Amino acid sequence: MDAVTANLDQYWRGFLTTLELTALSSALALAAGTVLAAMRVSPVPPLRAAGTAYVEIVRNTPLTVVFFFVVFVLPQVDIRLGFFVFAVIAVSAYHAAFFCEAVRSGINAVAAGQAEAARSIGLTFAQSLRLVILPQAFRTVIPPLISVVIALAKNTSIAAAFGTVELTAVGIRLANANGDAVLPLLGGIALCYLVITLPAGWLAGALERRVAFVS
Amino acid sequence: MSVPALYDAAGPRGRRRIAAGSAVGVAVIGALLALAAARLAGKGAFDAELWRVLTRGDVQRLLGRGLLATLQAAGIAMALSIGLGALLAVGRLSRRDWVARPAGAWVQLFRGLPLLLLIFFVFLGLPRLGLDVPTRRALIIGLTLYNSAVIGEIFRAGILSLPRGQTEAAFAIGLGRGQTLRLILLPQAVRRMLPALVSQLVTLLKDTSLGFVIGYTELLRNGRSGVEFLGGRYSIPIYTGIAVAYIAVNASLSATARLLDRSTRRRYGRAVQRTLADEAA
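So the protein lines, in turn, are chains V and E.
Numbering of the first sequence is given in numbering that gives the first Met the number 0, commencing with residue 0 and proceeding in unit increments.
Numbering of the second sequence is given in numbering that gives the first Met the number 0, commencing with residue 0 and proceeding in unit increments.
These are calculated hints, taken from the structure and not from any lab test.
Nothing here was measured: the structure is a model prediction, and the numbers come from that model.
Ideal Cβ positions, reconstructed from N, Cα and C, are used throughout, including at glycine.
Mixed in with the good hints there might be a few duds.
As the list claims (entries may be wrong) - Just so you have them, the derived chain E footprint on chain V, three or more residues with Cβ under 8 Å:
hint, region
1, 5 to 15
2, 19 to 31
3, 40 to 54
4, 62 to 68
5, 140 to 154
6, 188 to 198
Using the sequences provided together with the hints, build the complete structure.
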């Protein structure tokens, strides 16, 4: 236990880095994912195809491979940024596909009559999406969005292998430095993750029960 | 379900607008791709010499061995996760608290932690308890801890998705709880959750790439060794080759899942859906 209490400052810094990485990447990925979802439901075939291609490619690629492309391939074309920025790029690029699917399933969940009514009063595609569909879609889509954010928070741990000193990296570093206290040290890290993921999961569950359409 | 309701079949003006939108869309996407291509070409990324590295026998053997190691670790972890997941599902549905609670805690705990952390728990932690864990075993145990929890929930959702009448009818003809589960519920549940299960297996296969972090010589690790040996400029062809290999294996598994989903829905009613969060993780 002493090894844990002696390194509380490192835990705290790791925790903050994980939170920062999660918040920044979630915001970027949500924005990109919403654009991708709009592309995938639009009547314009090339945009639909591009959105679908992006989602299908990313879904079948491990996040680790995405990190490889960002961290090792971008410098080959003279794009050199800090490890943290690289991590934000890789995590956002990967999760944008999942945010897209969450938003799209929300759009699909809005009753067809809503879109038909919007059209019949003369709204254009963009207007009916903005004024009628999306406000309702966001209601049903919040629980799945939170779940994707939880997954994203857990996945930021992979940044540990690519130079970002977040929670997992702190854990590995401390465990290697204090061979006699590996389990309590990593257990502390696990606790930090659970502090993020468990309440978020309960929140998503509670919201899901509240907004569920009665069918 | 698609969203045909979002717009009418286009009239003449609508068709013109869609054509204009298509042109702009193609122009923008094309411009972005061209920009990236120009940047890459400027660095000689399209030189035939660079890409010929993928035809070299030693590189192919290195990546082939890596792919084999990836598939091996994935295969073993899949079998273990499915077995353990089935036990966890039955455990969580048990009437006995001392069975249901630990099974529930297992699922909550291991689903809430990053897989990489679990792998390090096994890799750095178990040797402290006097157990010898080579990298492959650490990877497989980590994958199994995590995926057994997710797959357990898929099984449980499959069983719970069945109409109550199935259980009631089974009790009415005098079957016990165990018999009902084994003879009536499980055979039907398996068909409903097969699509979700297969897509979770895709995620598991993707996650074997974390073995690279602890030094298990799977596809990605071998690719990295290759690039370190040949030089950084070969990272583009080699990592592209690796990405294509992952996408090919996973896309064929996903296609199987979709086929299963379609035939399942036709014959056995609505299939259990897996959450996006499980897929992203």
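Status of each hint after checking the structure:
no.	hint	in the structure
1	5 to 15	violated (count 0)
2	19 to 31	violated (count 0)
3	40 to 54	holds (count 8)
4	62 to 68	holds (count 5)
5	140 to 154	holds (count 8)
6	188 to 198	holds (count 6)
The structure fails to meet hints 1, 2 from the earlier list, while all remaining hints are met.
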